[in-house]
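Colleague: Residues per chain, in single letters:
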Amino acid sequence: MEPVLRARGLRRHYGADAALVRAVDDVHLDVARGEAVGIVGPSGCGKSTLLHLLGGLDRPDGGEVLLGGRRLDTLSETAAARLRRGLVGFVFQAFHLMDELTARENVELPALLAGVPPRTARRRALGLLERVGLGDRAGHLPGELSGGQRQRVAVARALVNDPPLLLADEPTGNLDTAAATGVLRLFAELRAEGRTLVVVTHDPRIAGAADRVIAMRDGAFVDQTVLTGRV
Amino acid sequence: MGRILLVARLAAVDLRRRPVQALLLLIAITATAATLTLGLLVRSVTDDPWERTRAATAGPDAVAVAPDFASLRTLAHADGVTETGRPFPTFSASLRTRDRTANAVVHGRDTDPGPLDRPYVTGGNWIRPGMVVVERAFADALGVRPGDALTLGGRRLTVAGIAVTAARAPYPSSTPGLVWTTRADTARLAPAPGARRQWTMPMRLDKPASAPAFAARHPGVRAAQDIGVYATSELRLANGALLGGTWALVILSGLCVALLVGGRLAEQGRRVGLLKAAGATPALVAAVLLAEHLAVAIAAAALGLVAGWAVSPALTGPNAGLLGTGQAPTPSPGTVAVVLLTALAVTAASTAFPALRGARISTTRALLEQVRPPRRSRLAGRAVALPVPLMLGVRIAARRPRRTVLAASSVAVTVAMTVAALAMQHDVRHKDAGAAGPDFVPGAGNPVTERVSQIVLVLSVALLLLAAVNAVLTAWTTCLDTARPAALARALGATPRQVAGGLVAAHLLPATVAAIVGVPLGLLVHRAALAVAGGTGGGAVPLAWLATVVPVALAAVALLTAVPIRHAASRPVTRALTA
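In order, the protein sequences belong to chains L and F.
Using the working numbering, read the first sequence as starting at 1 and increasing by one per residue.
Using the working numbering, read the second sequence as starting at 232 and increasing by one per residue.
FYI, nobody ran anything at the bench for these hints, they're computed from the structure.
Ideal placement from N, C-alpha and C gives every residue a C-beta, glycine not left out.
Possibly wrong hints are sitting among the right ones.
[Said to hold, decoys possible] Rough simulated footprint, nothing fancy, chain L against chain F, three-plus residues with beta-carbon under 8 Å:
#1 395 to 401
#2 623 to 631
#3 710 to 722
#4 726 to 738
Just chain L, same shape as in the assembly:
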């Protein structure tokens, strides 16, 4: 079966000569539809850079990325943005919610950017907020929400265009244990419904819930473990 996401010989280097940093170095990766992949490794090993390359937020220096069978790395910024709208949802460690927009407005934003009519976008956003347990917080600003609630809003936002692939960068990195547990439960649900997940994490509980865990060091994959357990 054609993988949802494929990377071949992916490279991203910063600096030059003695100061050269190989953030991502010759990475090969296939992620099958419905698969949950955890990427672990020490800070600065290139996990986040890899995630940005896989989602088309950054351009590789070499290699190729195929998203839904289309080369992402050669697309123009505009074409890449259009491809991302339908195929990828992002969840960031720092939530990256718009401070001046309510939870509902934050969630519906990617739908509006994709050209979904405002009423439909609002309906979808409210449905997703209900699903992540924040139906009663739809009108609240991010500053009025806890860290866990903000991250759940971010997850709802990532799902609003119903993308087949969800890329998450340390989704529990800024959360306390209780809040992280809520987000973990959400990811488990997404996985159970067959959503493709690529999660960069330090959290062994998220890694443990993945189908496959990839360990990174110095920009390269150093170990891959296929797991069968479930959270």
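We have chain L; now place chain F onto it with these hints.
Modeller: Coordinates of chain F only, in the frame set by chain L:
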């Protein structure tokens, strides 16, 4: 002492790190200081040429004109009159040079003009039989010099000299222009068709200051003060326009400083946090910003003083009908103090409040977030029905209402002053078009309207320069502040073009409203200026002129903001998100 040194050192480091911002601030305050200097210098010399001319020509306190000699004889014995000159014949006659024809007022004078009202010869000699002396501003308009021949009242005469007088306002403040001939020659000249011979008598009063009251009591008498107002009309217009325009420039430079501070706070949030984490107090953080801006303001005030002083000869020189010094007026200590204090006050007022507000936020928040959290606006929610670029634009504009208002105010003031300048230019054209007929020299310029045009040009250049600086600063500040939301919008599926469109809309939407408001505001400013100057306008400003201002202003805003917006919209997403 150590604290002052620390503030100075931090301020110096900051200035070195941001040369472009320092330069923009320098330009803004220099333009204001230069215009203020010009306005003050013009004001300081407005009355000088008139007083100098009065002194040099033994100018009378009042001048009487009557149809018969007997009336003047009676007037010479009126209360308050201490001395009179010998009445001389006055009439209008046709004057023709080699290539120009215009009417002239002929004064038939003695070859020795006497102790009162002695025209001051600036070139050639005083009148002799068969010769004529031409008032200097009129000679300029006619293009005649001593030795030239002309035909006056049907007789051919030679120009003996060029002179100035304080007994009559120079051409074209009073028309027709003035020439002097001997009494004998005057009797031989033919008056212009319809003109009648009259008599003129210069007078000295016991209370020169009461000349206007004396003139009001006696028909046909004109006070020296009244003549002086006409004689110095271009300097008075220059003074009024420059000081009026300076207000607009002060407002614009205040907005400029405020925008700059806003940008710095958006850019420096983390640095503020780091300074505070290292032990700096909010006051120290604010003091560093204030010290930087005040240092630039002092330099700008000095530059503005020099620039205003250098340009001043072009605007402070009297017209040819009065005696100038030939030197630029030197700024007095008072002028220096006013310019310096204005520059410092505008800078301090625009810097202190936002700097203190920014510095007062908690250290952790400054380290983690932006200095000022964006403002929630109802507009943000209502914008969803708009096309994506407009929706993003409304949200960007609404998240920083203070900055949006500052930028819009800058556009409104600029458009208002541009409209006022256009209206003034229309008045000038109207006035020039009306300066036709036998009393005007065909093809000769009008020094009064030319001076007004020069000032309008100087003010317009300064205003547009400041407005351009403000537009660039607004774009720079907005792009800095929206770096993360713009990157996030792109991560969520917005194309670079949509983000660029949003940033353009964020500037153009408030600018459009401001430009539209600026048009009637400018007409009001013009009307108020006319009311203050006691002048009359040139009628309604052509609608086509007004209709052009708004699109031109918007095109200028779009052009000036294009580079920062293009840069912001194409900035790598990951860099902005991880910064």
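Colleague: Each hint needs a verdict: does it hold in this structure or not?
Modeller: Right, here's what the structure says about each hint:
1. 395 to 401: violated (count 0)
2. 623 to 631: holds (count 3)
3. 710 to 722: With 6 residues close enough to chain L, the hint holds.
4. 726 to 738: holds (count 4)
Violation of the numbered hints given earlier is confined to hint 1; every other hint is satisfied by the structure.
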